[in-house]
Amino acid sequence: MTGSGEPSGEIAIVASGPLATVQDLGRPGLAHLGITRSGAVDRPSLLLANRLVGNLTGAAAIELTYGGLIARFTHPGMIAVTGAPCPLELSGREIGMYAPVDVQAGALLRVGTPARGVRTYLGIRGGVDVPAVLGSRSRDTLAGIGPEPLVAGARLPLGREKSDPPTVDLAPHARYVDEPELQVLSGPRADWFATEAVSTLWTKTYEVTTDSDRVGVRLRGPAMHRRITAELPSEAVVAGGIQIPPSGQPVIFLADHPVTGGYPVLGVVVAEDLPLAAQCRPGQRLRFRPARRAVNGLPAH
Amino acid sequence: MRILPCGDEALLVEVANLREAEDLYGRLRRDPPPGVTDLVPAARTVLIAFDPAATGPARLRALLHGLSPAPADREPQPVDAPAPDAPAPDAPGRDTPAASCAVVAGGDGRDPAAANPIGTAAADSPATVTIPVRYDGPDLDDLARLTGLTPAQIIGRHLQGQHRVAFCGFAPGFAYIAGLDPGLRVPRRDSPRTRVPAGAVAIADEFSGVYPRASPGGWHLIGQTDLAVFDLTRDPPALLVPGTPVRFVAVGVAQAVGA
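Protein sequence lines, in the order shown, are assigned to chains A and B. Quick note on numbering: the UniProt record's numbering labels position 290 of the first sequence as 290, and the sequence is numbered without any gaps. Quick note on numbering: the UniProt record's numbering labels position 78 of the second sequence as 78, and the sequence is numbered without any gaps.
With the rest of the complex left out, here is chain A (with noise of 0.2 Å):
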């Protein structure tokens, strides 16, 4: 062991909830060998718990789906729980989302479920330390590749990398809109669409299914037709990247997505809009509009 001496500790999970994974920041640059990024879909939470944690921005954290977390801390440390707002106790006491939290050694953390949004992360300060596989720490769900989603009994042991002393206490709590609108960049494959379905797109709510999933967001609404018919050869796909396939209803690739695929993608949901699309439940509607900026990526205006 190395470090500041500090005990670092474990967490001990009692009850996983529906889905519970590690997920830091991914594995970028491994798509060229079938290898998709993945980690956290909503990256700006996972950031955020960190941050109020004071941990590196590489740190990872466990990413709840509908909550329903109960774990045991083993040491004094200290947790952030940010993401898809949820009723939280600790030992018993109820605490808040969006800033740091003192734990106590046998520290009890009951988390409720989300009355909105699906995502959950939990930041641990020093991190959860299981072993990295091809440099991340994420559950690649598609892939079955990084640390087996939680189970009840699992130890997770907690790592001794921080950054300073958390300076944040209080962070804003993230929007959670009932009907989110989605700015798309059109491409690559709009050309693909008759013009009737692109004016679809920008017109009509998608609802969200129950299929959805890390990989992506499966919605239903009114199909999107394709002009041109023949089997598109497998091209990469991006987070965010609105896939058609025969169908016509279309899915939002989330991090666990293919790295390649067969379908066209009419267009892409910008960055910072992904999270609203990674946080949609079932049953949600959603829409889509043209992102305000010009096609090359510097602004419109």
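Hints are not guaranteed to be accurate.
Chain B side only, calculated, beta carbon under 8 Å to chain A, not exhaustive [what the hints assert, rightly or not]: (1) Gly7; (2) Leu39; (3) Arg157; (4) Val241.
Each pair of labels, with its calculated beta carbon distance range [unchecked claim]: (5) B/Asp51 - A/Gln104: 35 to 43 Å; (6) A/Val177 - B/Gly183: 52 to 60 Å; (7) A/Gly58 - B/Asp190: 44 to 52 Å; (8) A/Arg116 - B/Asp235: 53 to 61 Å; (9) A/Gln104 - B/Gly35: 45 to 53 Å; (10) B/Ser191 - A/Gln104: 58 to 66 Å; (11) B/Leu63 - A/Glu89: 54 to 62 Å; (12) A/Gln104 - B/Arg30: 49 to 57 Å; (13) A/Ala132 - B/Ala198: 20 to 28 Å; (14) A/Asp178 - B/Gly26: 47 to 55 Å; (15) A/Ala194 - B/Arg185: 26 to 34 Å; (16) B/Arg234 - A/Ser91: 40 to 48 Å; (17) B/Pro52 - A/Gly144: 28 to 36 Å.
No wet-lab data here; the hints were simulated from the structure. Just so it is clear, CB atoms sit at the ideal spot from N, CA and C, and this is done for glycine as well.
Given the coordinates of chain A, work out where chain B should sit on it, guided by the hints.
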């Protein structure tokens, strides 16, 4: 060359054919433009992902337009007539159960040589990877019908191909290996299998592939290898990286096929 927008952090460069995509990828890989975070080759495209704080689409477009044409440069194909190519090894949306298949195996299929695969892949000029294959795949007879060749001829032509990894996708370490004999090019199976074993060697269209792990799959299975093409405990984990020359060698006894 067409440069297509792909969100705020990437461009998708479309070229006329696989060779041009490989060439463009190779050139960008050897001399990556500043600010580029990832290069992802595919059948007709190279994705250029970049850090918007370090570079931008305008700079990358200028750089791409400044590249001298590849030796095999041709007029881009019209966008509405893309060649069918690079089918995903599974067929999304077509989840028909696997057709029953007669497995034609020769002997126990084991060969001591297969336990000692040779070949590695270095980052820059990858060395040839040799893949020892027991050519006893369950689709050889189907392929014989589709190609008009005998299974022995199919195996012979596969062995003679000048293979190389064009790109990866579908799953970690799954390589689309180009160089398949034109006489062996057939579309993927109508009914994809729900489970193809790890190490299955398969072909579809102009590619060969080796399934890195058990998964659904729609390609035609021609054999099996014991070589682990993807192993997370190894560095690098993927044996078949884009640009890697590949040699298939026959191992084991497979004279039963189609005899």
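Structure-based check of each hint:
no. : hint                            : result
1   : Gly7                            : holds (3 Å)
2   : Leu39                           : holds (6 Å)
3   : Arg157                          : violated (23 Å)
4   : Val241                          : holds (6 Å)
5   : B/Asp51 - A/Gln104: 35 to 43 Å  : holds (41 Å)
6   : A/Val177 - B/Gly183: 52 to 60 Å : holds (58 Å)
7   : A/Gly58 - B/Asp190: 44 to 52 Å  : holds (46 Å)
8   : A/Arg116 - B/Asp235: 53 to 61 Å : violated (43 Å)
9   : A/Gln104 - B/Gly35: 45 to 53 Å  : holds (46 Å)
10  : B/Ser191 - A/Gln104: 58 to 66 Å : holds (59 Å)
11  : B/Leu63 - A/Glu89: 54 to 62 Å   : holds (55 Å)
12  : A/Gln104 - B/Arg30: 49 to 57 Å  : holds (56 Å)
13  : A/Ala132 - B/Ala198: 20 to 28 Å : holds (24 Å)
14  : A/Asp178 - B/Gly26: 47 to 55 Å  : holds (49 Å)
15  : A/Ala194 - B/Arg185: 26 to 34 Å : holds (32 Å)
16  : B/Arg234 - A/Ser91: 40 to 48 Å  : holds (44 Å)
17  : B/Pro52 - A/Gly144: 28 to 36 Å  : holds (31 Å)
In terms of the numbered hints stated before, the structure departs from hints 3 and 8, listed from lowest to highest.
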